[in-house]
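Residue numbers (numbering that gives the first Met the number 0): 0 to 432.
Calculated from the structure, these hints are not laboratory results. Remember, predicted model here, so these are calculated numbers, not experimental data. Please note that the accuracy of each hint is not assured.
DSBU-like cross-link-like pairs, simulated, lysine-lysine; straight-line CA separation at most 30 Å [claimed, not checked]: (1) Lys256 x Lys226; (2) Lys135 x Lys40; (3) Lys194 x Lys130; (4) Lys194 x Lys40; (5) Lys40 x Lys130; (6) Lys194 x Lys228; (7) Lys228 x Lys256; (8) Lys194 x Lys226.
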Amino acid sequence: MAAGAPRIFVSHLSGIAVFDPAGDQVGRVRDLVVMLRVGRKPPRVLGLVVELTTRRRIFLPMTRVTGIESGQVITTGVLNVRRFEQRPTERLVFGELLDRRVTLTETGEEATVLDLSVQQLPARRDWEIDKVFVRKGRKGGAFRRNKGETLTVEWSGVTGFSVEEQGQGAENLLATFEQLRPADLANVLHHLSAKRRAEVAAALDDDRLADVLEELPEDDQIEILGKLKEERAADVLEAMDPDDAADLLGELPEADKERLLSLMQPSDAADMRRLMAYEEHTAGGLMTTEPIVLRPDATVADALARIRNPDLSPAHAAQVYVCRPPEETPTGKYLGTVHFQRLLRDPPYTLVGSILDDDLQPLEPDAALPVVAGFFAAYDMVAAPVVDDSGALLGAVTVDDVLDHMLPDDWRETEYHLDETTGTTGEVGAGGA
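Hey, can you work out the whole structure from these sequences and the hints?
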């Protein structure tokens, strides 16, 4: 549902068909999964419970939903078919929120929840519940006709849903940390007790936990991953950037690593194995296998649509890589790159194959870290292609990964401050500034 489109009441979603991009039905919606928040903030919609044709119920994240319209849900086609298991901080809309007794904040009257509406946030892939449709008065029995007044109010216009301030364990803590960037939340987790850290990690959704794991020291990553159920650990690894996930897998005992790889989607596991085949401090060991790849007959409009993806980091969205088919890495022949600044200067119908930057020699997969760093410094790059001897694009190295591997191992645990008088950065040691 695009921003500005009419809101969708959840009663209209019950039982509707779910299709993949090719138009094949994969199942039907059976419930919505939401996470309540402290106070009167609208709940975030995490995903849908979808019943497959085999009767198995799976979880479909909202990030995999490309549209809800005309009585159907369209997905990216990438589904995890593991059986749905509800987590402690999650609530089911049909199973737990509808038919609930609430209180209208304006009048203090009791009411029963008949329906809820969901809305996609502007310019984002997040969805939230924004309206509540209620019937005033006490709930009638099965054979009693209730003629109380019905009305639609804002989520904040009722009480009886929100997370209580006490006794909610990690749920309340998560709500407090909701607005933190992954790096800041990682810093908070690092300083929690091991027990509390495990509780918070278990309550985070897969994508959020993946982002946070990428920012944690190696010891914390291994500890958290080891306390997750193996199926969930594999899901989180799949949600991480491939290079970060490969680095983490490489630190695990061989038996644990193979067991997790066997639980991952075959394509993701293949990417992990390919990355782990390279030395850690080489271009091949640093690269991601998921750069933005386009064919030469794609247009500038196509390229801009791809780099607008809010899930991409600025470095990954800085340029697109133009290759002959296939477009999955390793690709067909690598032709060149197009920086986003060039995309902004050319008409939308321009073919990317006609505006290539092919002057720079790409990195070889066995290029050592100092060579890679020198390449970035010499040419003012934020991302660079990695190409093999056959001319195929293997992936791309971004400047943040170069810095991550050049800084001391404990750099994430070192605090820095800006000297206001000199404008220089100083390190804050254990004894203070």
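Quick rundown of the hints versus the structure:
Of the supplied pair hints, the one linking Lys256 and Lys226 holds, its CA atoms being roughly 15 Å apart against a limit of 30 Å. Straight-line distance between C-alpha atoms of Lys135 and Lys40 comes to about 22 Å, which keeps the hinted pair within the 30 Å bound. Simply put, Lys194 and Lys130 have alpha-carbon atoms about 37 Å apart, too far for the 30 Å limit, and the pair is violated. Distance restraint check for Lys194 and Lys40: the Cα-Cα separation of roughly 28 Å lies within the 30 Å cut-off, and the hinted pair is therefore satisfied.
With a CA separation close to 12 Å, the supplied pair Lys40 and Lys130 stays within the 30 Å bound. Distance restraint check for Lys194 and Lys228: the Cα-Cα separation of roughly 16 Å lies within the 30 Å cut-off, and the hinted pair is therefore satisfied. Proposed proximity of Lys228 and Lys256 is supported: the alpha carbons are some 14 Å apart, at most 30 Å. Of the pairs offered as hints, the one joining Lys194 and Lys226 holds, with about 10 Å between alpha carbons and a cut-off of 30 Å not exceeded.
Hint compliance for this structure: hint 3 alone is broken.
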